[in-house]
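Participant: The primary structure of each chain is shown beneath.
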Amino acid sequence: ETGVTQSPTHLIKTRGQQVTLRCSSQSGHNTVSWYQQALGQGPQFIFQYYREEENGRGNFPPRFSGLQFPNYSSELNVNALELDDSALYLCASSLSRGTYEQYFGPGTRLTVT
Amino acid sequence: AQSVSQHNHHVILSEAASLELGCNYSYGGTVNLFWYVQYPGQHLQLLLKYFSGDPLVKGIKGFEAEFIKSKFSFNLRKPSVQWSDTAEYFCAVIADRGGGSNYKLTFGKGTLLTVNP
Chain A
6 ETGVTQSPTH LIKTRGQQVT LRCSSQSGHN TVSWYQQALG QGPQFIFQYY REEENGRGNF
66 PPRFSGLQFP NYSSELNVNA LELDDSALYL CASSLSRGTY EQYFGPGTRL TVT
Chain B
9 AQSVSQHNHH VILSEAASLE LGCNYSYGGT VNLFWYVQYP GQHLQLLLKY FSGDPLVKGI
69 KGFEAEFIKS KFSFNLRKPS VQWSDTAEYF CAVIADRGGG SNYKLTFGKG TLLTVNP
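In order, the protein sequences belong to chains A and B.
Residue numbering for the first sequence follows our numbering, beginning at 6 and increasing consecutively.
Residue numbering for the second sequence follows our numbering, beginning at 9 and increasing consecutively.
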């Protein structure tokens, strides 16, 4: 069984740029959630995708957007990067939107300078 | 909206000491509760979970947690910690609104546990 994978591992961007982060869900899982973990904080929910549609969104501005593909992999896109976007971005997959257990990937460390 | 409070930012123990990490949540309805652990250099892993039934739940590596509904608490315990338990521990809750809308894990800020050999 393949776990959740994310790419890239690390990324450095300049303020104002755009970034795309990628996630492959665990085998058999059709739901993907994205979280932002700032230094010294717990993860904060960004949004969730279920069968290619957004299934809920946290308190993040529209410049944070996402996609889910037919194979249930997912992308997180952030436009007009700000310094405060520097964080660890976590992807989690779950069997279905109605199940509670989420399995996390290793994360992508984004640094905005 | 639900929120989660973890009482201790950093806990330092010696091996064989007992551990209790506090967690309180705010939400008046049905909740599903979790403890996740993040070992140094590793990703978040599920330590244990509570959905319903026996309020005392057992997880991996000798950890257990007790759900006390009247206190909105879900404290994590271990009778005797080991050096390998050094990690950051996160309490999290999903508010159960049913119908597939129970999608969002709300995390506490985490407690860093350092176990000295």
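None of these hints come from the bench; they were simulated from the model.
There's no promise every hint is true.
[Said to hold, decoys possible] Estimated spans, in silico, between C-beta atoms of each pair:
| # | chain 1 | residue 1 | chain 2 | residue 2 | range |
| --- | --- | --- | --- | --- | --- |
| 1 | B | 122 | A | 101 | 15 to 25 Å |
| 2 | B | 76 | A | 23 | 28 to 38 Å |
| 3 | A | 116 | B | 10 | 36 to 46 Å |
| 4 | B | 50 | A | 23 | 24 to 34 Å |
| 5 | A | 101 | B | 124 | 40 to 50 Å |
| 6 | A | 84 | B | 23 | 41 to 51 Å |
| 7 | B | 104 | A | 56 | 35 to 45 Å |
| 8 | A | 57 | B | 11 | 27 to 37 Å |
| 9 | A | 66 | B | 120 | 27 to 37 Å |
| 10 | B | 125 | A | 104 | 35 to 45 Å |
[Unchecked claim] A few chain B residues facing chain A, derived, Cβ under 8 Å:
| # | residue |
| --- | --- |
| 11 | 40 |
| 12 | 47 |
| 13 | 55 |
| 14 | 56 |
| 15 | 58 |
| 16 | 63 |
| 17 | 77 |
| 18 | 79 |
| 19 | 80 |
| 20 | 102 |
| 21 | 111 |
| 22 | 113 |
| 23 | 116 |
| 24 | 122 |
Positions of the beta carbon are idealized from the N, C-alpha and C atoms, including for glycine.
Participant: Are the hints correct? Go through all of them and say.
Facilitator: Going through the hints against the structure:
no.: 1; hint: B:122 with A:101: 15 to 25 Å; result: violated, 38 Å
no.: 2; hint: B:76 with A:23: 28 to 38 Å; result: violated, 46 Å
no.: 3; hint: A:116 with B:10: 36 to 46 Å; result: violated, 30 Å
no.: 4; hint: B:50 with A:23: 24 to 34 Å; result: holds, 29 Å
no.: 5; hint: A:101 with B:124: 40 to 50 Å; result: holds, 43 Å
no.: 6; hint: A:84 with B:23: 41 to 51 Å; result: holds, 49 Å
no.: 7; hint: B:104 with A:56: 35 to 45 Å; result: violated, 21 Å
no.: 8; hint: A:57 with B:11: 27 to 37 Å; result: holds, 31 Å
no.: 9; hint: A:66 with B:120: 27 to 37 Å; result: holds, 30 Å
no.: 10; hint: B:125 with A:104: 35 to 45 Å; result: holds, 39 Å
no.: 11; hint: 40; result: holds, 5 Å
no.: 12; hint: 47; result: violated, 12 Å
no.: 13; hint: 55; result: violated, 12 Å
no.: 14; hint: 56; result: violated, 11 Å
no.: 15; hint: 58; result: violated, 10 Å
no.: 16; hint: 63; result: violated, 17 Å
no.: 17; hint: 77; result: violated, 17 Å
no.: 18; hint: 79; result: violated, 21 Å
no.: 19; hint: 80; result: violated, 17 Å
no.: 20; hint: 102; result: holds, 5 Å
no.: 21; hint: 111; result: holds, 4 Å
no.: 22; hint: 113; result: holds, 6 Å
no.: 23; hint: 116; result: holds, 5 Å
no.: 24; hint: 122; result: violated, 15 Å
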